[in-house]
Amino acid sequence: MPRFSSLSARLTAQFVLLFAVAMVAVSLSLSTAISGIASHQVESQLVSSGAVYDRLWQQRSGELQGTAQLLARDFGFRAAVASGDEPTMASALNNAKARLHVPTAFIVTIDGRAHGLAGQEARDAEQLWDALDEGRTTGIGMVGGKTRQLVAAPVMAPALLGWIVFAADLGQPEMQSLKKLSAIPLDASVLVGVAGQWRDATGGRPIDGAFLAIEQHSRSSAVFDIEVDGESAIALAKPLPTLVGDRDAVLLLAYPRSEALATARRLQAALAVMTVLGLALVAFGTWRASAKITRPLERLDDAAGKLATGEHVLVEVEGHDELARLGSSFNEMVVQIEEREKRIAHLAFNDVLTALPNRTMFQHHLDHQLKNLDDGSVIALHCLDLDHFKAVNDTMGHPAGDELLVSTAKRLSQAARGHFVARLGGDEFVVVQLVDQAREEIDRLATALLEAVSQPQEIEGQQLVATTSIGIAVAPSGGNGAEDLHKSADLALYRAKEAGRGTFAFFEESLNKRAQERRRVEQDLRIALEEGQFELYYQPLFDLEKNKVGSFEALIRWNHPTRGLVAPAEFIPIAEETGLIVPIGCWVIREACRQAAEWPDDIRVAVNVSPVQFHRPGLQETVIQALAATGVAPARLEIEITESVFLKGGEETLRLLHNLRSVGVRVALDDFGTGYSSLSYLQSFPFDKLKIDRSFIENLLKRAGAAAVVRAITQLAQALGMETTAEGVEENEQLSELRSQGCTSVQGFLFSKPLTAVQAGSLIGGEQRSAGRDAA
Amino acid sequence: MIKSLSYSVFLMSCAAPLAAAPLNVRVTDSGGRPVSDAVVTLHPDIGRRAMPMAANYSVSQKDLQFHPFVAIVPVGARVSFPNLDPTRHHVYSFSPAKKFELKLFAKDQSRSVTFDRAGVVALGCNIHDQMSAYIIVTDSAWTARTDARGIARFTDAPAGSTMSVWHPYLRAPGGTMSRRLGPGERTANVAVKLRAPPMHAMDAY
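Residue numbers (the working numbering), protein chains in the order written: chain A, 1 to 776; chain B, 1001 to 1205.
Rather than coming from a laboratory, the hints here were simulated on the basis of the structure.
It is possible that some hints are incorrect.
Facing chain A, a subset of chain B residues (Cβ under 10 Å, in silico) [said to hold, decoys possible]:
| no. | residue |
| --- | --- |
| 1 | 1092 |
| 2 | 1096 |
| 3 | 1120 |
| 4 | 1122 |
| 5 | 1125 |
| 6 | 1171 |
Ideal Cβ placement from N, Cα and C applies to all residues, glycine included.
Construct the complete structure from the given sequences, taking the supplied hints into account.
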């Protein structure tokens, strides 16, 4: 079975094949029946024609015989025959021939002699004696080399004297006249059997190979098939009497098969044409019917194809059958798929919490707006970030945070009506503002957004005033692509935060430069870590009680290969932002410990630790490993922290500090007196030392208040059992004042600027030698 | 008439030579059936003798038939032809032994013909085709006709003779077949082939 691409084609082919088999079978059997009936009809026609021919033959014989008998009884004729009166006999025969239209007439007398003939004809005639003597009076015989129909009548006087014989020709004219009498176009001929072959007496043509058939069928008088002149024919053979002993004769009636079955052939042809027409009709009908049946399926197929390409399509439903139900189900499915697609698309492009467009949609929107930006028009991108949103989340819980985000989204949408508002994630929102010319519109919208957010609201029963910072970048000046513009707005936001929050800031090119600088520094820092570009300097802390250097504060320096020495203030904030401070800090601790191991046991080393290090894991392990690796006693290591360590972390930070203390590491509070300077820290953690901020030392001799603060700090430290170190001591007067106030150690250029490790080593060596001299 | 003829044959046999002996000749057709009206004639090699002449011979015409059908007469016999029918008869013979015509146009008219040559004379009537009869004019004293059983009887058949059998329908030239009689042969069987009698003669046959 071939493969079909269409159902209707398959149905058509199968039905047509089925019908074809049935119709061809019916046609073939009908055709066979027609052939059979036609053959039968022809045979019976032939038989009846044969009977007619028989009668005709007998009639002709009878007529001839009648006249022969008439002549045989003529008294004068008999007298002539009896007396052997040849002239009278001859004249009487001629008279009869002329009167009766008989071509040949002669007499065979009882003594075997022929009269009225001469030569070969007479000898032929004498051959007839036996047959005549046997009483045969009609039959076929040869006279003068020609086969003729002979009729004899005895001449009695009253005893048998002989026979008068009339001979009629058997030629084509006689046969033609016979044919004219038949209802069907028969081919009649008289055959004489001679030496195993039939010879046509009328035309003389031999009929080969049919001798036996003709002989058999001449006895059975049944119809049989024969080949005449290469043409198939239906034949009937009727035996004819002969007047020559050793010869058979038959009348052969042949009906050419082509003529006999012409009507049947026409019927069969008509049947074939009708079969073909019927098949064509069936094919057409089946094709139409199957097309009608399969049309709903085609519609479904077509619709399914379109649906796959995302086109909206519903099929037409007719009727109430299975296909109609299938169509209805398909339509329902299409509607459901479309709804689902809408929902998925909404999820893909919208924020679930606030229903605002999400980051993806924002990017698409911004891309689109930038591409289609008219000359002279600008796009202002407002990036918003709620101030201290984390604090709200931490103190009031996430549900409250979510509620705040939802209300903020509503307020922003209202305030920025007509502009595109999206939530990018967390507390980050953006507003895309399309501006024709006036820059004031940007300021106005930003102000409106600030005001809208800062309206007091009630969240979970608590009065809350949220503020936001806004960074604004304007395209095309603020960046070419959407990504650039967003970065610019983020930088501006950063600046707005720096400017004290609750305000908005425009992106400026310097911001961008600063950002680039930071990125470059970040990369350089990574390289510096790998290549060991960092170096530690050591600033001595002079112990006022022992009058000697009690410890060194390790200070990091960066020897940049191209930029030279880079100040910590330039790279430490960046290292903190990027988290690089962790590996850098780790290196500092190990390097400081390694260096301290080379110093006398009574000299400590102090290391500054960033709050970031506290909030990342691993600090404690780093310290313990560094101590273990160098063999430095924990008490010789002093960690310097600032109050900002406590801003984040809280309990966790305290636990870490306690752990370090329990190991034996000392902890100093740096820059004391500035910032929050909460005394609660002093209460919650037993610091080993307070380092008084250099701003107080600077003003120590200039402002009375400063001296009082320093005094208060030293007294507080003494009360709490802590040491104090004054930073930034540059003058002798300052030193005297600090010594008088009971400060335990000082640090500053008055004694020494930060030293290299080698310098620090020689400083220690010099002190030991002078100390040795003093002792001596 | 047949009776008187037999009688005369019987009488003649008394005068036969001593060598003579009785002979029965049985004539049958090809089907073995007895053939009547066959005429058997014996021709002795020596001692030929004519048949004795009877008082009268006649062949009458009655009921449109000749009577008798076959008559045996000696050479020189005069045969009368009485017409006993109310119709006319035209009796003729084209036989070489005796050709004649007798126009017997009235009832009880009778004419006579003398047969002076031995042979078979076929009689016919030119008015009535069905009428046929034969007169055997014989020169031998041993001439006999077969009876209904097909047997011709001779009381004194001479030894050493030729036997000829004639019958009107016998299929042989001249309607006759002959053979020698064997010495001491007392019973001779002769089978003959007959042609079908003419249709008009069937009633008589």
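Quick rundown of the hints versus the structure:
1. 1092: holds (8 Å)
2. 1096: holds (9 Å)
3. 1120: Cβ of residue 1120(B) sits 8 Å from chain A, so the hint holds.
4. 1122: holds (4 Å)
5. 1125: holds (8 Å)
6. 1171: holds (6 Å)
Checked against the numbered hints given earlier, this structure breaks none of them.
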